[in-house]
Amino acid sequence: MEELVIRDADVVDGSGADAYRADVVVDGGRIVSIVKEAAAAGCQRPKARRELDAEGLVLSPGFIDMHAHSDLALLRDPDHSAKAAQGVTLEVIGQDGLSYAPVDDRTLGEVRRAIAGWNGPGDDVDCDWRSVGEYLDRLDRGIAVNAAYLIPQGTVRALAVGWDDREATEAELEHMRRLVAEGMEQGAVGMSSGLTYTPGMYAKDAELTELCRVVASYGGYYCPHHRSYGAGALQAYEEMVELTREADCPLHLAHATMNFGVNKGKAPELLTLLDGALAAGADITLDTYPYTPGCTTLVALLPSWASEGGPDQIMKRLADDDTAERIRHHMEEIGSDGSHGVPMEWETIEISGTGDPALAEYVGRTVLESARLRGETPWTVARQLLLADRLAPTILQHVGHEENVRAIMRHRVHTGGSDGILQGAKPHPRAYGTFPHYLGHYVRELGVLPLEECVAHLTSRPAARLRLPDRGLVREGYRADLVLFDPATVAAGSTYENPRVLPTGIPHVLVDGRFVMEDGRRTDVLAGRSVRRVPR
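For the sequence shown, the working numbering begins at 27 and goes up steadily by one.
Each hint should be verified, as a subset may be incorrect.
Stated by the list, open to error - DEER-style ranges, computed between Cβ atoms:
1. A207 x Y522: 41 to 51 Å
2. E272 x R71: 49 to 59 Å
3. G55 x V527: 27 to 37 Å
4. L472 x D191: 36 to 46 Å
5. D512 x S243: 39 to 49 Å
To be verified - In silico lysine-lysine, DSSO-like type, Cα no more than 30 Å apart, as pairs:
6. K290 x K230
7. K292 x K230
8. K62 x K73
9. K62 x K230
No lab work stands behind these hints: they were computed from the structure. No residue lacks a Cβ here, since even glycine has one placed at the ideal position from N, Cα and C.
Assemble the whole structure, with the sequences as input and the hints as a guide.
Pasting the structure below:
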């Protein structure tokens with residue numbers, strides 16, 4: 027007898043088709059049968075060792091978070107309710123060009139410091155891997171939800187070239203090609219870049235094109251955080267479209283927003299650009315989070331020249347008064363490339379977390395607010411905080427536009443990604459709320475998307491981008507990564523004031539046919555594993 031039958035569920039199967047009533051039978055981690063309208067037809071209903079009454083609940087595929095920063099959180103926190111409670115059954119990590127494999131001893135230490143604001147310092151996790159394959163093997167010991175990995179181009183450059191702003195030699199470029207090929211062979215699904223983060227931003231288009239050719243040869247995709255989301259954003263998107271066209275590589279645009287005042291109301295221009303490329307045969311997808319503020323680290327806003335050489339050199343430049351004044355001039359008067367070419371508006375920069383708890387007084391306030399309270403200039407506050415916290419502060423950046431958010435999420439190649447940073451005392455609510463916020467706020471309350479279409483954005487579309495043949499749909503033979511939610515009550519619990527509150531209306535989540543959420547509570551099940559690239 028099979029393990030589980032889910033009775034009388036309203037199945038939204040991920041395809042975009044209308045919902046239907048069915049009994050769904052799960053066994054051995056897969057969906058083994060779907061009996062539509064069993065009760066109404068009066069036919070023999072399937073039996074199993076366990077029955078779950080799903081009356082009034084929607085059954086959908088598990089949600090796929092196309093942009094996650096859980097690289098260490100998955101290992102540090104087996105509970106991982108931040109994602110499991112949202113119905114996320116698969117996360118794509120290794121984002122924005124910086125993560126923890128492939129590395130050597132030197133690079134691992136540098137990367138730990140560079141992205142401490144994303145993932146914590148990392149000294150509480152035994153990073154006993156060096157290659158992509160070894161990192162994936164570590165995930166396979168058991169994690170809360172599944173995870174796929176992107177090779178981080180910035181980390182690859184740090185390993186082969188270092189943190190200097192210069193072109194790679196031919197030998198260094200060949201080294202990077204080998205590292206990318208090895209990572210793809212070991213199971214990565216593609217490559218990411220952070221082209222406003224060092225050292226990835228020092229790569230010219232020709233270098234990126236060569237690496238994308240390697241990715242494409244293995245059936246992977248390129249996921250860039252491109253060179254600007256502010257001034258020159260459209261040109262930056264166009265650059266990525268052209269680069270991947272040249273490399274014949276699929277493109278997935280990370281957190282594809284149009285931010286800052288210069289881009290208010292300009293989402294239609296981005297979508298026109300993408301529609302033209304799609305009509306010409308390009309393979310393009312994108313992800314967004316359903317909120318207006320962004321989230322990153324405070325150090326990321328510095329001009330690229332100030333970040334050359336890595337974290338130790340940044341600290342030396344900040345400590346030097348003359349150099350610090352040059353940094354301020356670039357940030358406040360010119361508009362640094364780290365801040366997307368837009369002069370700093372300190373009233374939009376809210377400190378969301380610090381590495382040192384003694385600096386907690388800054389959290390929840392904008393840099394401008396702290397400056398006024400202290401009788402100092404905003405740059406003085408920002409500089410002192412970076413030095414005192416050793417580059418660890420995270421920020422919310424209140425620079426988005428609601429009309430752009432809604433326009434982009436309607437597009438036919440859109441997928442959902444939280445870009446959730448789980449660190450800090452007051453993280454962005456998207457880390458705990460992205461997927462229920464789509465379903466509750468944008469589907470039920472605003473009607474921006476029909477339920478069936480929204481579920482497709484969060485399930486089958488990302489599964490297709492990841493080339494997963496047995497995930498993303500409720501189909502016989504598919505993996506039983508499933509979510510049961512109440513469409514009348516599903517909602518994000520997280521807010522800007524209380525960002526670590528779990529969602530409501532998602533009582534059950536299954537990973538590989540096992541309950542990781544049951545009756546709204548996290549179980550002790552660790553059914554997640556690495557999801558590796560499917561060979562061509």
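| said: If you test the structure against every hint from before, which numbers come out violated? | reply: 9
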